[in-house]
Amino acid sequence: MKTALRLFRHDLGLQLRQGSDLVAPIAFFVLATIFVPLAVGPEPNLLAKLAPGIIWVTALLATLLALDRLFQRDFEDGSLDLLALSPMPLELAVLAKVTAHWATTGLPLIIVAPLLGLMMRLDAGSYAALEISLLLGTPTLSLIGAVGAAVTLGARRGGALLAILVLPLYVPVLIFATSAVGAVAEGLPARPHLLLLASMLVLGIVLAPVVAAAAIRSALE
Amino acid sequence: MATASRFSLHRYANPAQFERLAGAIMPWSTGLAVLLLGSGLYFGLFDSPPDYQQGDSVRIMYVHVPAAIMSEMVYYMMAAAAAAGIIWKHALADVFVKAAAPLGAIFTLICLVAGSLWGRPTWGAYWVWDARLTSELILFFLYLGYIALVDAFDDPQRGLKFGAIWVLVGVVDLPIIKFSVYWWNSLHQTSSLFAKGGPSIATGMLIPLLLMIGGFAFFFVSVVLLRVDSELLARRIQAWRTAAGEG
Amino acid sequence: MSRFTGSGIACRRGHRVVFSGLDFTVETGGALVLVGPNGSGKSSLLRLMAGLLAPFAGKLAWDGLPVADDPGAHRARIAYLGHLDAIKPMLSVRESIGFWADLRDRAAWVQPAMDVLGLADLADLPARFLSAGQRRRLALARVIAMAPPLWLLDEPTVGLDTRSIAALETALAAHRRTGGIVVAATHAPILLPDAGRLDLAEFALPQSALAEAL
Numbered sequence: 002m003k004t005a006l007r008l009f010r011h012d013l014g015l016q017l018r019q020g021s022d023l024v025a026p027i028a029f030f031v032l033a034t035i036f037v038p039l040a041v042g043p044e045p046n047l048l049a050k051l052a053p054g055i056i057w058v059t060a061l062l063a064t065l066l067a068l069d070r071l072f073q074r075d076f077e078d079g080s081l082d083l084l085a086l087s088p089m090p091l092e093l094a095v096l097a098k099v100t101a102h103w104a105t106t107g108l109p110l111i112i113v114a115p116l117l118g119l120m121m122r123l124d125a126g127s128y129a130a131l132e133i134s135l136l137l138g139t140p141t142l143s144l145i146g147a148v149g150a151a152v153t154l155g156a157r158r159g160g161a162l163l164a165i166l167v168l169p170l171y172v173p174v175l176i177f178a179t180s181a182v183g184a185v186a187e188g189l190p191a192r193p194h195l196l197l198l199a200s201m202l203v204l205g206i207v208l209a210p211v212v213a214a215a216a217i218r219s220a221l222e
Numbered sequence: 006m007a008t009a010s011r012f013s014l015h016r017y018a019n020p021a022q023f024e025r026l027a028g029a030i031m032p033w034s035t036g037l038a039v040l041l042l043g044s045g046l047y048f049g050l051f052d053s054p055p056d057y058q059q060g061d062s063v064r065i066m067y068v069h070v071p072a073a074i075m076s077e078m079v080y081y082m083m084a085a086a087a088a089a090g091i092i093w094k095h096a097l098a099d100v101f102v103k104a105a106a107p108l109g110a111i112f113t114l115i116c117l118v119a120g121s122l123w124g125r126p127t128w129g130a131y132w133v134w135d136a137r138l139t140s141e142l143i144l145f146f147l148y149l150g151y152i153a154l155v156d157a158f159d160d161p162q163r164g165l166k167f168g169a170i171w172v173l174v175g176v177v178d179l180p181i182i183k184f185s186v187y188w189w190n191s192l193h194q195t196s197s198l199f200a201k202g203g204p205s206i207a208t209g210m211l212i213p214l215l216l217m218i219g220g221f222a223f224f225f226v227s228v229v230l231l232r233v234d235s236e237l238l239a240r241r242i243q244a245w246r247t248a249a250g251e252g
Numbered sequence: 100m101s102r103f104t105g106s107g108i109a110c111r112r113g114h115r116v117v118f119s120g121l122d123f124t125v126e127t128g129g130a131l132v133l134v135g136p137n138g139s140g141k142s143s144l145l146r147l148m149a150g151l152l153a154p155f156a157g158k159l160a161w162d163g164l165p166v167a168d169d170p171g172a173h174r175a176r177i178a179y180l181g182h183l184d185a186i187k188p189m190l191s192v193r194e195s196i197g198f199w200a201d202l203r204d205r206a207a208w209v210q211p212a213m214d215v216l217g218l219a220d221l222a223d224l225p226a227r228f229l230s231a232g233q234r235r236r237l238a239l240a241r242v243i244a245m246a247p248p249l250w251l252l253d254e255p256t257v258g259l260d261t262r263s264i265a266a267l268e269t270a271l272a273a274h275r276r277t278g279g280i281v282v283a284a285t286h287a288p289i290l291l292p293d294a295g296r297l298d299l300a301e302f303a304l305p306q307s308a309l310a311e312a313l
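Protein chains in written order, with this note's numbering: chain D, 2 to 222; chain H, 6 to 252; chain B, 100 to 313.
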């Protein structure tokens, strides 16, 4: 457990030091969201209707963008070998790495999202639901993405392949998250949708490290 | 050398047995496929009653429904084979998964096209975000993803292994995806090709439908056996080439 | 007195069986040098010993107990040095060694390890400024800091100058004196006196490709 925390801090420190890498997904998130009013016009009602969906789609794509940072570099420089040989179980190591990755990808998205909500004229009561859906959903995206990243280690054109693999699996998260936010705008409770999101997160935390570790071991053979 | 022959016998026993089995099954399965598809199409297109609501356009169901059923069955079969490959390390399991994937993708595509064509006379549009069609669309991408993944590795064995893992991930997610799409559909109340539970199936419609499902199934059996066979053959050729190169 | 043995080991890479029927024994204080032409499987054997690769056939055992029965215990007793150095460019030398040593609660051994290989002056330099030889020394210092019983080294001397090679020899000798075991694939056999020799060419299959058609 201690070792997992050390790995988490280590990975976090590494990512923060390579600061330039962190900016790209956030910049993408903001830019891509801004494109929508530019493309469809700034009519407030239209934007408000599109806001939850757009913010979530761009958050999802931004997460996808950041995924190759997760294992690829460690695979290429031999650190993944050492990690597989370290005293901590590889599944735990994966969980620690994914958490550190989420802290530098998902967390900034969650912080920036209200700003985008403002620009997209998001319905006033929906902000809480948006933030909670992002809080529950982005880690799930990172976990599913981790499995995809592990399975594409050593593949040609890993980046594009990762997108094709992972996007279909992102559909449930997208649907439950946006329906949660949309429900609030219609005066309905967001809770059932958020519970579904939460159960996906739990499923992800339990299964994703196991599958990703298995794929990593295969990749290291 | 004793060690070398021990390896070669052990390895060849499996594919040789398989090839004999496949050779025995294929003529029957191909014949049945032709028979069932032929009779199913005849009865479906010419001899069965038109639906009182949808008229003749319901006939496309005889293609759409079997394709839909097969598209999902193939994925579950692939998942079962992938699991068998990982648990029991059966050499042919991964080959089956790779062979079946394009067929599953084709069934999904047929289902989508047929569904779209069915939607046009029924609802006036080629695509209405019907829950079933939307989840079939995502299934299509699951197939494409697998096919792309397996081909993305220079080492084919590695591709098969990762592909198997990915199919298992997909099969766990598939029910969740379907559930979420139906959930989404019920929230936004889009139109559906099927009324609650499906169009009322008269017995005159049931028989051609079953014939078509059987025909599709045997078609799959024949083609997948053919594909596994040619994959094994390709490997043997590759092995001989490598050995010849090494002298 | 510990013993690391392999019996009937075969290794498969892709469709080829690279070697088979390989046996070895190495004991406390002992060393094993792996030799053989390129492609004979020296690196694969080391990865197999480390547990990164599963043997196609045969068993590895530590003190008679199969390694496969307790992979966690095996990981705890080995340090592996591969072709890649696993060095992050933005970390300093001290941090690069320190993280991995820390995972095994051996943070106190980082400084002595750096001293042995003459890295003490470079301790706070970011790794991206290191030369190839210095990077290799860093990776070796990492092994020395972790200091488990079994060292698996793949071409440890690549890029090292004579002084560093001498320092490595001293470290290897010290490790063996305190009961450690060294298995190394190296073209510099002077590194390990009284070492056993394993020539992988002897275990290659003549018709290796034919034997593995599936």
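The hints are simulated quantities; they were obtained by calculation from the structure and are not laboratory data.
Please note: incorrect hints may appear among the correct ones.
With a cut-off of at most 20 Å between alpha-carbon atoms, the simulated SDA-like pairs for lysine to any residue come out as follows [said to hold, decoys possible]: (1) LYS94(H) <-> PHE155(B); (2) LYS94(H) <-> LEU221(D); (3) LYS183(H) <-> TRP134(H); (4) LYS183(H) <-> LEU168(D); (5) LYS3(D) <-> PHE155(B); (6) LYS94(H) <-> GLU236(H).
Small disclaimer: the values here were computed from a predicted structure and weren't measured.
Now for the hints, and whether the structure bears them out:
A C-alpha spacing of about 12 Å is found between LYS94(H) and PHE155(B), which places the hinted pair at or below 20 Å, so the restraint holds. Straight-line distance between C-alpha atoms of LYS94(H) and LEU221(D) comes to about 19 Å, which keeps the hinted pair within the 20 Å bound. At most 20 Å may separate the alpha-carbon atoms for a hinted pair to count; LYS183(H) and TRP134(H) meet this at roughly 13 Å. For a cut-off of 20 Å, the pair hint linking LYS183(H) to LEU168(D) stands: about 15 Å separates their Cα positions.
With a C-alpha separation of about 35 Å, the suggested pairing of LYS3(D) with PHE155(B) is violated against the 20 Å cut-off. The suggested pairing of LYS94(H) with GLU236(H) holds, with an alpha-carbon distance near 18 Å, which does not exceed 20 Å.
Of the hints listed earlier, the one the structure fails to meet is number 5.
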